[in-house]
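Which chain is which? The protein sequence lines are V and Z, in order.
Everything in the first sequence is counted per our numbering, starting at 15 for the first residue and increasing by one.
Everything in the second sequence is counted per our numbering, starting at 152 for the first residue and increasing by one.
These are computed hints drawn from the structure, not numbers from a lab.
For clarity, every value in this text was computed on a predicted model and none was experimentally measured.
Incorrect hints may have been included.
[To be verified] Quick list of in silico lysine to any residue cross-link-like pairs, SDA-like style, CA-CA up to 20 Å:
{"hint": "1", "chain 1": "Z", "residue 1": "792", "chain 2": "V", "residue 2": "26"}
{"hint": "2", "chain 1": "Z", "residue 1": "437", "chain 2": "V", "residue 2": "176"}
{"hint": "3", "chain 1": "Z", "residue 1": "571", "chain 2": "V", "residue 2": "90"}
{"hint": "4", "chain 1": "Z", "residue 1": "626", "chain 2": "V", "residue 2": "69"}
{"hint": "5", "chain 1": "V", "residue 1": "54", "chain 2": "Z", "residue 2": "788"}
{"hint": "6", "chain 1": "Z", "residue 1": "652", "chain 2": "V", "residue 2": "90"}
{"hint": "7", "chain 1": "V", "residue 1": "54", "chain 2": "Z", "residue 2": "787"}
{"hint": "8", "chain 1": "Z", "residue 1": "614", "chain 2": "V", "residue 2": "100"}
{"hint": "9", "chain 1": "Z", "residue 1": "765", "chain 2": "V", "residue 2": "267"}
{"hint": "10", "chain 1": "V", "residue 1": "54", "chain 2": "Z", "residue 2": "783"}
{"hint": "11", "chain 1": "Z", "residue 1": "741", "chain 2": "Z", "residue 2": "788"}
{"hint": "12", "chain 1": "Z", "residue 1": "571", "chain 2": "V", "residue 2": "82"}
{"hint": "13", "chain 1": "Z", "residue 1": "792", "chain 2": "V", "residue 2": "45"}
{"hint": "14", "chain 1": "Z", "residue 1": "792", "chain 2": "V", "residue 2": "263"}
{"hint": "15", "chain 1": "Z", "residue 1": "765", "chain 2": "V", "residue 2": "69"}
{"hint": "16", "chain 1": "Z", "residue 1": "571", "chain 2": "V", "residue 2": "57"}
{"hint": "17", "chain 1": "Z", "residue 1": "792", "chain 2": "V", "residue 2": "257"}
{"hint": "18", "chain 1": "Z", "residue 1": "792", "chain 2": "V", "residue 2": "217"}
{"hint": "19", "chain 1": "Z", "residue 1": "792", "chain 2": "V", "residue 2": "100"}
{"hint": "20", "chain 1": "V", "residue 1": "280", "chain 2": "Z", "residue 2": "741"}
{"hint": "21", "chain 1": "Z", "residue 1": "792", "chain 2": "V", "residue 2": "41"}
{"hint": "22", "chain 1": "Z", "residue 1": "792", "chain 2": "V", "residue 2": "256"}
{"hint": "23", "chain 1": "Z", "residue 1": "792", "chain 2": "V", "residue 2": "176"}
{"hint": "24", "chain 1": "Z", "residue 1": "571", "chain 2": "V", "residue 2": "80"}
[As the list claims (entries may be wrong)] To be clear about the criterion: a stretch of chain V counts as covered by chain Z if any three or more of its residues have a C-beta under 8 Å from a C-beta of chain Z, and this derived list gives those stretches:
{"hint": "25", "stretch": "62-73"}
{"hint": "26", "stretch": "227-237"}
{"hint": "27", "stretch": "272-283"}
{"hint": "28", "stretch": "287-296"}
[To be verified] Only part of the chain Z face toward chain V is listed, based on derived beta-carbon distances under 10 Å:
{"hint": "29", "residue": "347"}
{"hint": "30", "residue": "394"}
{"hint": "31", "residue": "396"}
{"hint": "32", "residue": "397"}
{"hint": "33", "residue": "552"}
{"hint": "34", "residue": "560"}
{"hint": "35", "residue": "758"}
{"hint": "36", "residue": "764"}
{"hint": "37", "residue": "778"}
{"hint": "38", "residue": "781"}
{"hint": "39", "residue": "786"}
{"hint": "40", "residue": "792"}
All C-beta atoms in this analysis are idealised placements derived from N, C-alpha and C, irrespective of residue type, glycine included.
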Amino acid sequence: MKIFKSLSSGALRSLRSWKGVLIIWFFSLILISVFVIPMKGTMRTGFGSSMITERLRDGLDIEVISDLGPYLASLASYFFSGFFFVIFLGILLNTFFAGGLFQSIKGSKDIISVPCFFRASARYFWYFLGLYFMIIFMIIFFAFLIVGLPVGLTLQSGTPGPMTFIIGIIAVLVFSMAEVIFLLVADYARAWLVSSEKPAFFKALGFGFSETFGHFASSFPMMLILMVIQLLFGALVILVIRSWTPVTGGGVFLLFITTQILFYIKTLLKAWRFGSVTSLKETNKNIVPPNPPGGAL
Amino acid sequence: MKKKVMPFVVLLTFAGSLHSQIINKEPLSPRITGYNIDVKLDTAAKTVSGTMKAFWVNTSSGTVPDIQLHMYMNAFRSRNSTLYKESGGSPGKKDLDLGWINISSFTDGNGTDLMPLIHYIHPDDANSADSTVLQVILPKPARPGDTVFINVDFETKLPSRIRRTGFSGEYFFVAQWFPKFGVYEPSGMRQRSQSGWNCHQFHVNSEFYANHSVYDVKITLPERYVVGSGGMLINESVADSNLKTLTLRAEDIVDFAWTAWPGYKVFTDKWEHVSITLLLPEARVKQVDRQFTAVKNALEYLTKNVGPFPWPHLTFVDPPTIGSGASGMEYTTLFTSMSADRMPEWMHMGEMVTVHEFGHAYFMGILASNEFEEPWMDEGINSFWEARIMDHYYGENSGLMDYRYLKIPDKAYSRLTYTKSDNRQVVSNNEYSWNYPHGTYGMMSYNKAATWLYSLMGVIGEKTTNEVFREYYRKWAFRHPSGKDFVNVVNEVVTKTYGDKFGADMNWFFDETLYGTGICDYRVSNLINKKLPSEKKMQENDSLSKGLPLNDSLYKAVVQMERLGEVMLPVDVLVHFKNGDEILENWDGKARYKDFTYLGHGKIEWVKIDPEYKNRMDVNFINNSRTEDPDRVLIRRFADKLIFLMQLYISAITL
Ligand SMILES: [Zn+2]
C-alpha cells in the first residue's frame, strides 16, 4: 500500500514540477543543438544542390556517404572530438538541474518559482556532482565484478558455449538488481540533501544506504516498478522513432515536435521517480526502522 | 644400353597414361607439360617427399637450350628470399618453421644425370639469395617438337607460417610444392617478340602462371587424415602401418594443390554435371548450405554468361582458424574460401570469398593469363564477376552486407577502395604484380580494374559485355591470353554490335582506364533558368525565340557541366523540366566544359549526369547532379533523431 501511495504522490509531485522539467528539456535541447547544427551545416554543404540524397531514402548508402570525401572526414572528426565533451556537459547540466528538481518535488504543495529552481540547483550542485561520480564509480566497479569477471573467466577457460551465455544472463540480472539499489541510494541521498538544514555529503550517502536497506521491502519493489516503466517507455520510444522515416518537410517537423514531447515525458518520468522516493522518505521519517543498520545515523 | 632402355620404356608408358583421357573424353588443352608424382607426407617432419616424372614439349619453331622450373618452396628458406625481402617479415627462426625443396636426383629421359647442369637463376631482381627458379641446361637442346622428360627425386619441407602453403600442427595445405615447369612462350604468344621462358620468382604480391597440364598424383599419408585436392580420386588403398595411398588425377588444370587434416568434415553436393565436395571444420558445419548455395550461384552465372565449367569435379575448403593462411586461394578444381565460426546471415563474406575463388577457375584457370605480369586479368576481371554474381544473387544493394539500414553492395566495395585511395594515380593498371609501388597491388589489380570493367559495361551495355566474355572464352579457353588479346576481343565484339558508334575500336577506353593513370569526375556546375524579355520585345529583337510559342513563361534554360578529371568517357545526361518534360542527352564527355541550352520547355528542375550510375570510374557521384530544390529532409531527419537519441542517452546516464 505504501508503495502505491508513494507512487501516486510521486506522480502528483512530478506534475507539480512541470516548470523545472521544462527548463531541463530546454537546456538539453539547446546544448545538443549547438553540437548537432554545425554537423547539419557540413552535410548541407557537402551534398550541395545534389540529387544524390534520394539514394539515402531507404537507409545508409555507403557510396554516397563515402563520396562526401573531405566533408565526411571533417564530420567524423568533429563528431568524435565533440561527442564526449557534449556528453560531459550534459551530465553536468542534468546534475545541476537535479537539485532544482528535487527541491520542487519535496514536501510543500506549492509550485516553486523559476528563480527558486535555479537557486536550489546551484546550492546542491557540488553535493549532487560528488554523489553522481561516487555512485557511477560503484556501478562501474560492480559491473566489472558481477558481469565482467564471471563472463571473462568462463570465456578464458574455453570457447564460448551455452554456459557462458547462461552465466552472462544471470550476471546481467544480478547487476540490474544492484543498479536498482544504487539508484535508490542516490535518490534517497539527494532527497535527504534538499530537505536537511545542514547538507553534508557523506551524511547524505550514509542516509541513502541506511534508508535503502532499512526500508528495503518497500523501496526496492517501488524502484523496480519505476525502472521497468522507464525501460518500457524508452524501448517503445526508440522502436517508434527508428521506424518513423518521414520524407516531407512537414513530416520531419512533426517528428521533431514528437521527439521533443517524448523527451519531456521522459524527464517527467524521472521526476516521478524522484518524487516517489522523496514521498517514501517523508513517510518513512515517522516510522522507526525495524533494525537500524549499524547505527550509521 | 639396357640401363638407358629401361627408363625410356617407363617414360613411354607414363607419357601414354598422360595422353589418355580419364576425366574428360577429349583433351581440353594441348599437352605441353604433364606430371606424375608419387609422394609421402611425413606428418612429424612436415615434409612431402618422393619422385616426379614430368615432361615438357617444345612447341616453338626454334631450338631451346634449357628448361626452367619453379622451386616456389625455397621462398621460405630464409628471410633473404625475394618473398621475404618484399614482405619484410621472416619465415621463422626454428628449423621446423622454414620451408624448402631439395632435389636429390635429377635425370633426363635417357637416364642422364642432370644434377651438374642445374643452377638457380634470378630473372626478376638479381637477388642471389633467392632460389625459386631453377634452370637446367639440357645436354642436347630441345628441337621443335621434342619432348623433354625429367625424373626428379625431391623432398619438400612445408613452412610453419602458412602463406597459401604450409602446416599448422596437424593441418597441412600443400601448394607450390613440386618442381614445376615455367611457361615457354614462342614468339607471338602474348605479344612476345622473341621466344623464351616465362618463369618468375616467388613474390609476395604475385600469383602464378603455368601451362594446362595433366596430373597423376599418388599421396601416402596416415589413414586418419582427410584429404582434399584438385584431382579426382581414382583409387584409395591401405598401405602398411596405418597409412593409406590416394591416387588422384587431374586434367587441364594449371596447378595441383592438396590439403590434409584429421579435423575436416566432408560434404558433397551436385550441380548439373559437377560433383562438389566441401571440406570444413566441425565449428562451421552450419554454413554448409550457404557455401554450397554460393558456389552453385557462381557456377550458374558464369556458365550462363561466360561459358561452361568443363570439369565434372570441384572441391573447396573452408580452412579452420589454424590454417587461415591458406584461405582465399584458387587452384581451379580446388579452391579455399574464408569464413569464421560464427558468420551472421546478413554478412556475406564467406559467400563472397567462395564466389571469388571459384571465379578464378575461369579467370586464370580456363583463361590462363599470366598472373605475374598482368594481375588485372585474373584479379580484376574476376572481382568484376564476383561483384556481379554477389549483387545478382544477394541483392543489388546488399551483395556484401544486408543489415537493416546498412546495406553494402559488392560493387561499391571495389569502387570505393579504388576511388578513395590516395594512391589511385601513382601507377597504371598495366604493371607486373610485384612492381606496384606504395602497396597499390591489391587496390589496382582487384579494385580499379573491376571498377573500369563496370564503366565499360556502362558504355557498351550488359548484353554486349556478356557477349565479350563469351567470345573471350570461345577464343581463349585453355590458352594464354594477354591483356591486348582481351582488348582485341572487346574491339571485335563491340564493332560487330555497334559498328563505329564508339569509334573504329575501343582502344581509347583502355588507354584511359587500363593504361592511363587519370581519374574520372564529371560535375554539373550550374543550372540557369533565364526568363526571356516580354512578348513584344522578343518579337522585335530576339532571333533565338523566333517561331516559338509566345507566352510570359518562356525561359532560356542552360545546363553547365564540367569534366574535372583526365578520363573522358561518354555519359548520359538526363534533364528534367518543371513542366515534367525530360530529355536524355548523350555527351561524349570529351570537352572540359559543356553546355546544353533549351528553349520552350520552361525551367529546368534538375539534371543528372549518368543518372543510372553506370560510370563507376567517376570518383564523386555527389557532384553528378544538381537541382533547383535540394531535398534537405533527410539531413533534418537525421539531425532530429540524433538530437533526440543524445538527449535520451545523457538522461539515462545521469541517474
Ligand atoms: Zn583472386
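Against the structure, the hints:
| no. | hint | verdict |
| --- | --- | --- |
| 1 | Z:792 x V:26 | 30 Å, violated |
| 2 | Z:437 x V:176 | 16 Å, holds |
| 3 | Z:571 x V:90 | 16 Å, holds |
| 4 | Z:626 x V:69 | 41 Å, violated |
| 5 | V:54 x Z:788 | 10 Å, holds |
| 6 | Z:652 x V:90 | 45 Å, violated |
| 7 | V:54 x Z:787 | 7 Å, holds |
| 8 | Z:614 x V:100 | 54 Å, violated |
| 9 | Z:765 x V:267 | 36 Å, violated |
| 10 | V:54 x Z:783 | 10 Å, holds |
| 11 | Z:741 x Z:788 | 39 Å, violated |
| 12 | Z:571 x V:82 | 11 Å, holds |
| 13 | Z:792 x V:45 | 15 Å, holds |
| 14 | Z:792 x V:263 | 14 Å, holds |
| 15 | Z:765 x V:69 | 15 Å, holds |
| 16 | Z:571 x V:57 | 19 Å, holds |
| 17 | Z:792 x V:257 | 11 Å, holds |
| 18 | Z:792 x V:217 | 41 Å, violated |
| 19 | Z:792 x V:100 | 16 Å, holds |
| 20 | V:280 x Z:741 | 59 Å, violated |
| 21 | Z:792 x V:41 | 17 Å, holds |
| 22 | Z:792 x V:256 | 8 Å, holds |
| 23 | Z:792 x V:176 | 37 Å, violated |
| 24 | Z:571 x V:80 | 8 Å, holds |
| 25 | 62-73 | holds (count 11) |
| 26 | 227-237 | violated (count 0) |
| 27 | 272-283 | holds (count 6) |
| 28 | 287-296 | violated (count 0) |
| 29 | 347 | 45 Å, violated |
| 30 | 394 | 32 Å, violated |
| 31 | 396 | 35 Å, violated |
| 32 | 397 | 32 Å, violated |
| 33 | 552 | 9 Å, holds |
| 34 | 560 | 8 Å, holds |
| 35 | 758 | 8 Å, holds |
| 36 | 764 | 8 Å, holds |
| 37 | 778 | 5 Å, holds |
| 38 | 781 | 5 Å, holds |
| 39 | 786 | 5 Å, holds |
| 40 | 792 | 6 Å, holds |
Hint compliance for this structure: hints 1, 4, 6, 8, 9, 11, 18, 20, 23, 26, 28, 29, 30, 31, 32 are broken, all remaining hints hold.
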